[in-house]
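Chains A and B are the protein sequences, given in the same order.
Residue numbers for the first sequence follow the working numbering, so the first one is 1 and each next one is one higher.
Residue numbers for the second sequence follow the working numbering, so the first one is 1 and each next one is one higher.
Think of the hints as simulated: they come from the structure by calculation, not from any bench.
Mixed in with the good hints, there may be bad ones.
[As the list claims (entries may be wrong)] No farther apart than 30 Å at their CA atoms in a straight line, the calculated lysine-lysine pairs in the DSS-like style are these:
(1) B/K33 - A/K220
(2) A/K220 - B/K62
(3) B/K62 - B/K283
(4) B/K283 - A/K220
(5) B/K371 - B/K283
(6) B/K166 - A/K220
(7) B/K33 - A/K198
(8) B/K62 - A/K198
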Amino acid sequence: MPPAAQALQVEQHDDYFCCRFQAMASPCEILIETADRQLAGQLGQLARDEAVRIEHKFSRYRDDNIVHQINHSHGTMVEVDDETADLLDYAGFCYELSEGLFDISSGVLGQAWRFDGHTAVPDSASIKQLLCYIGWDKVNWSRPWLALNDGMQIDLGGIGKEYAVDRVAGLVQQQTDCSVLINFGGDLYSSRARQTGKGWHIGIEQPEYTQSNKPMLANKLLEISSGGLATSGDARRHIIKDGQRYGHILNPLTGWPVVGAPCSVSVAAASCTEAGILATLAMLQGEQAEAFLDTQQVPYWVVR
Amino acid sequence: MQLNKSKSIRQLLTAATSTLLAGTAQHVMAEEKIPWQVDSAFLYYAEKDRVTVLEPVAAVRKDLGDDEFIGVRLVFDSMSGASPNGAIPTDTAQTFTTPSGNSTFTTPAGETPLDDSYQDVRAALSGEWETPLDEHLKTVIGANYSTERDYSSVGLSANLAWDLNKRNTTLTTGISMSHDQVSAVGYIPVGLTAVPTQSGVQKSLQSMEESKDIKELLFGITQVIDPKTLLQFNITLADEQGYLTDPYKILSVLDNNGQLRANDPYIYEKRPDSRRRQAVYLKANHQFNTDVVQASYRYYQDDWGISSHTLNLHYRYELVGGRHYLQPHVRYYIQDKADFYHYSLQDNNIPTYASADYRLGDMSTTTLGLKYGLVLGEFHEFGARLESMKQQAEGDAPFPDNTAIIFQLNYSFLY
Chain A
1 MPPAAQALQV EQHDDYFCCR FQAMASPCEI LIETADRQLA GQLGQLARDE AVRIEHKFSR
61 YRDDNIVHQI NHSHGTMVEV DDETADLLDY AGFCYELSEG LFDISSGVLG QAWRFDGHTA
121 VPDSASIKQL LCYIGWDKVN WSRPWLALND GMQIDLGGIG KEYAVDRVAG LVQQQTDCSV
181 LINFGGDLYS SRARQTGKGW HIGIEQPEYT QSNKPMLANK LLEISSGGLA TSGDARRHII
241 KDGQRYGHIL NPLTGWPVVG APCSVSVAAA SCTEAGILAT LAMLQGEQAE AFLDTQQVPY
301 WVVR
Chain B
1 MQLNKSKSIR QLLTAATSTL LAGTAQHVMA EEKIPWQVDS AFLYYAEKDR VTVLEPVAAV
61 RKDLGDDEFI GVRLVFDSMS GASPNGAIPT DTAQTFTTPS GNSTFTTPAG ETPLDDSYQD
121 VRAALSGEWE TPLDEHLKTV IGANYSTERD YSSVGLSANL AWDLNKRNTT LTTGISMSHD
181 QVSAVGYIPV GLTAVPTQSG VQKSLQSMEE SKDIKELLFG ITQVIDPKTL LQFNITLADE
241 QGYLTDPYKI LSVLDNNGQL RANDPYIYEK RPDSRRRQAV YLKANHQFNT DVVQASYRYY
301 QDDWGISSHT LNLHYRYELV GGRHYLQPHV RYYIQDKADF YHYSLQDNNI PTYASADYRL
361 GDMSTTTLGL KYGLVLGEFH EFGARLESMK QQAEGDAPFP DNTAIIFQLN YSFLY
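Let the sequences and hints guide you as you build the complete structure.
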């Protein structure tokens, strides 16, 4: 089935064009510092096509892609293409680097935890059971062949959006030298400083209950000239039980939400993908998020 | 524990990411912009047949980083129109001198006397500085000055806020002081002496200028109940000393037949020269999925005998798209009068203190309003608010209703 066409809106602003579309369950936009409507439209289309391609290829909510094939392989070997293999290599590397905290096989925990604000904390027995199906070390990965134990699943949602931002950035930069900002639901990348010598302005949302008195300053304002920026965390997704607030960041080693995790972590790095991994790993450090980021020596913004 | 926090993984990660992306990555340049927040507003307040106020407001607030802020606010008020002078309506026309004593005006029979020489421009400037003292303690220092033709005020305030319990509880304490200078047109009359009924007749003067001092203490607690619910409780205690009378307000004095007495039918009001007041305030904020409800209650009491209850309810209703909202507002205020409030006085029975200012009487105020807010882009916000207010007598003081329309436009942006 061909991908359903996603509407692309092109708007002209003072000194740039903004192209918007919906993909990967997020509002996506690409800002292009040009007065050339045709160029802007082309780049917008390019961005949308690539975002939609990546979503279709790696979404675990579809039944016609490689992820579906892997997740329904019941222990048999699956041969994957180069791009998928590159992502699996990368995910495996991040698993090693983070000593198991970043794990693309941890998605099955979603069967136990639902972060819709309702008081439903699963019992430890069911979580323990799920842990048998989690762990990249249990996977048989020998490029290009992958075999998962029956019952295991992979989910590339933790890097897919950031990867799409960087892929689009690569494609766009082959077409133009203009300053371009790619923003997929808050994960973003700027190709270069704008002609004024300044960057693009980005707001970081703060937890909403603090907003009642100072609605605007509650949003931090960042200026990004070049490189990637990714945010992990969502103040709106949580469970409260016995006065304890459970955030939606789950530790794949324990199956439980991380205690003391910030509301959100934003990190700037050379690419959006790298920024996303660092932001996720910082969330997983809980109370130690800032200390971890200080060690990495990256620009970061933590909202608690 | 798992990831040794003293170990940097960044170089390894950068190299691996660069392999994945085949070299898209580049030098990172991102920084936090620390903008000015600019708020501007224009308020129009019009009482039916009485006072009209035009009020432009401009405020800027600057984030200095590390949770330090400074802010400056400038307000202008332009007031014009008529205000009840305190005398009661009678069966015959009444003539009054204006406060300057240079002219007279006549109120037709059966109408509430309104002094329409009420006209003034006020300018107010205030500033504040907010700075953390340590991780859990911050202070806000403020100063304000306002001036108009017959009044000026200068004030200082200091507040401390202490975060406890993982910032779920905040204790606040504050002190503020102000010194006000009252210098009426036509000078300050002696309280309870006769109001001249003809222009050119001199009133008994107390002084050219009087002053009052106000000290206020505040204690508060703010508690996060859950991430969507906030409770706030405040107590304020205040002490006012000095000239608390309104030099323009008068009372009618009636004879035994219920008619204005023949000699000196009006006298100037006089209030005590001190007042102690207390108030408690409780506010709850709750956010539903996107809508926000805010309810508050205030109880006020002072040693003049006034007590009041205020109920306030706002509901912010998010419209489709999340970029604009409607906010209905209901406010109800009811007050028990001051001990020395009198609609009018009896000849030969003049008390030590007396005022016929309806704002000290048994009264209630009901306000209904609607605000529309529109978020324009990420850093611009526009709002329009329309409210109608009705003040009316409670109990037996038969002063007439006062109704007003309030319209406000506001625009805020980050610069």
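Problem set entry | Hint check against the structure, violated hint numbers in rising order | none
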